[in-house]
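Based on the hints, put chain B in the right spot on chain A.
From first to last, the protein sequence lines are chains A and B.
For the first sequence, the UniProt record's numbering begins at 1 and goes up steadily by one.
For the second sequence, the UniProt record's numbering begins at 1 and goes up steadily by one.
Calculated from the structure, these hints are not laboratory results.
Restricting the straight-line Cα-Cα distance to at most 25 Å, the calculated cross-link-like pairs of lysine-lysine (DSS-like) are:
no.	chain 1	residue 1	chain 2	residue 2
1	B	Lys274	B	Lys299
2	A	Lys336	B	Lys280
3	B	Lys123	A	Lys357
Now the in silico label distances, taken between C-beta atoms and shown as ranges:
no.	chain 1	residue 1	chain 2	residue 2	range
4	A	Arg327	B	Glu379	28 to 36 Å
5	B	Gly406	A	Asp221	53 to 61 Å
6	A	Gly127	B	Glu484	38 to 46 Å
Every value quoted in this text rests on a predicted model; they were computed, and no experiment measured them.
We put the beta carbon where it would ideally sit given N, CA and C, even for glycine.
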Amino acid sequence: MAINSDVLVVGGGLAAITAAVSAAREGADVRLVSHKASTLRQASGLIDALGYVPATEPAKPLRDGPPTAGRELDPDEWPDPEGPLADPFEGIDRLPESHPYRIVGSDALRDGLDLFDDLAGGAYRGGHTDRNALVPTFGGAVKPTARYPAAAEAGLASDDRPMLVVGFRSLTEYDARAFAGRLEAAGVPFDAAGAEVEFAEAFRADAKITRLAKALDHDEDIDGVPAREALAKAVSPHLHDVVDEEGGVDRVERVGFPAFLGDDRGEAVRDELADRLGADVFEIPMGPPSLPGLRLEDRLFDALDAEGVRFETGNPVVGVGSATDGRVETVAVDRKGRTAPYGADAFVLATGGLVGKGLDSDREGVREPVFDLHVDQPEDRYEWFVDDAFGDQPYARFGVRPDERCRPTDADGAVQYENVFAAGGVVGGADAAREKSASGVSLATGIAAGRQAATEANQ
Amino acid sequence: MTRHTEDDGDAGDSNETTESSGGCGCGEPAPGVPEAGRDEQPSTFVPDGGEIPEEEMTADSEDGRAGEDRAATDGGVESASGGAESATGGTDSAELDPDAYDPVDVFPGGDLDLREGADSCYKCTSCDTSCPVAEVDDEFPGPKFQGPEQWRLKRKEDHDIDESITSCSNCMRCDDACPSSVPLSQMHNEARGQYVERQMEKLSVEYIRNRILANYRTSASLASMFPRTASFAMNFGPARWAMEKVMGIPKERDFPEFATETFREWWKARGGAKVENPDKRVAYFHGCYSNYNTPEVGKAMVRVYEHFGYEVMVPPQKCSGTPMFANGMLKDARRHAETNIENLVEAIGEGADVIASCTSCSMSLRQEYPELFDLHGIEDVAEHTFEALEYLRIHEDLEGELEAAGGLDDERAFAYHAPCHARNQGLSRQAVETFRDVDGVKMEDVGDSCSGISGTYGWKEEKYEKSMEIGEEMFEHMEDAEGEVGMTECPTCAMQMEHGTGYEIEHPLQLLEDTLGA
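So that you can see chain A by itself, here it is in the shape it has in the complex:
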């Protein structure tokens, strides 16, 4: 006997959750199945929509021959991407026709962002405008993004107040002084300084960010001083570190920390630090593992629960169980060696791309492993990539090709299964890393696929 629902969503990231909630809001009984804990914990927690429109043609024709043959030669030359875009919606028309935004339309992106605002509640900012915000990320780059955590608000690059950035010697992936230097080099409209302080030294040299966050959440004693007070004390000697152009010394008005300021009680931690420092406090989004990503994961799974979506993680969907007349009836879920059938009237595939393992690849080709959907790709794998690492990499756009109802199509453009819809990174056509569009694509295709799946199931 199959475990049944109206709509079954396969995946556990932003696209899957968006699809599940949107289908549930259309009245469908929805179940979400995800192999592992959500990959949101690897996400920065920023919700980008479209930051750049990258060139799809090189500045001069690509060199002949396999790319590896040209290792000693000049790399391919590509024009700089257009951007950062002030308005993500405005750039959509200039994306390639096969881009998911062109397929589902800019309204889907708008609806997806609205849904996100609703689910994220007061924890996120940026919903008041269509325009991108510029958020500094931990490499010292400034990222155009549509929504950002409230914890990052005081750090916006468009704000002209002087900024102190705090770092810790034991957090090796992040250098506060280099961060401040790069920000200034990027021409931000404020003075910035970086300072390395003693605090994380009280923990083991490779302490996990979760350990630091927990110590601040619970205000644990650090050598007899409560953690929040100890951190503020370590930072306060540096509040005058910023030197402006005239050589004058300003007291900084905002202080940035790597994103570990508490987990469950982040707001209280930031408030207390701000109070003690007499300056606004913000977090700088980090690479994985990412507390902002973990917090978003918690929030979105709570939202799933509140929307009545059933969900389970821990077992993978490994293939189609049964299908007739071009419709999938059940998929097979591997339960530690034995498969169990999960049935639904409509399915949403939101398993991610090459990194999320929604696409599988080896030297022979690139495949979609759940429904074995068609993935468009050059036959010769030397055409999967170009020499220039920052060029228009063909593999970046690999994925399933949906029709206007988000149903993946075969090589001839015919719909593969009438009741299978795709969303997020598994959908091809976007170069999310260069466009800064990963979250937006997940939201836009997620809401579109979720609605279509509900419609299909309600018929």
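Then chain B, alone, in the frame of chain A:
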């Protein structure tokens, strides 16, 4: 009167805790070889400068174990003429034609080789952020170190396993967190087994204490001969003070009460199965706790399954091994596994699927057994094992049946905690979902935090405070929840829930029994 029934599989158990842990007869293993418990097959990985004597290394590799080992290491690149071994253990043939092989062929791996798992780690550190111990313990370097990094380090013979492996509680949340399917818990189990086997002082209090904790079944079977006396004596103040001082067992914890009638005694007195049905058979793996401490869970299992027309079998069985894995006592675990596998294979042969009511038992049979031991039929057992509620949800119209039963007359509210081991089997939401629409039942999920006890972890004096710190989030959420009764599938999570909140704790099968009127 003896409490042992003949089919209890207990013969030879009495000297378990004092038995010397001598060699297994397989000789001193090569360093880095994940050999613990895997004595039926040669290890597939031979490290550089290993113990294989020179002449064997260059001997004809057509047959013999050295040949097998070496072939598995060097794989398909060995030239027919037997090219000279290079310093790195590869083949240094001048005739090697790069077009004739793919680089991937150099490392053929094998069923038991963890290299592939180590190589799958791309160091995203998701495992570390999911680790409940690393979140509170400044001495613990986290699962990424304990797994793939330590695996690489210990390939060299001069490298001991780091003692911190004993701080891993074996909650296995890292397995669930890893986006790359690195077999973290398997690596931890093997490193811990190796540490305990080769580096731990066998006369140390810690070793003896851990061995006693790991062999809970032995203590429990003794205690349940005189359950009332045992329940009293084990929790008697001065005795507890002594246990903490001498054995390192925290006096804050109450030992669980022993049932005056074990599940197996009840089963025997009842005359066994009340339903016979060759088409629907299940073999119940009750585990130690349902037998000795909470037979009401086992009784609920039997009644619920008989309600659905199943013939319940109760084969002889020993400990699933969960507490032994967590303490690196792989030999003890293997000995118990032999009995379990033998009897469960027989039941499967009679058409049964194996049902466990404890999620750690089902986890062990499904995942750890085939990962760690090579016993005949172990894969069959893994494939046929299910958790009790999971099985009914797959095979029966449970929702329909519950709706027809009409729910409870007096409303009851529960604070449900999903055990970590349930999470890894995809079961963390099943209880909440099953009872969501049942009238008169309110069940609230208290979140995805770990209870902190992790079987025997919280039973160690030096870990007690960490254990309670990890559990704090769960205690808070339980207090916030409306229900004043806790619910979980795992007996040690239940101990921790009770210890932290004072709530009475039930198993979902008990509620299922009540709601079905079984």
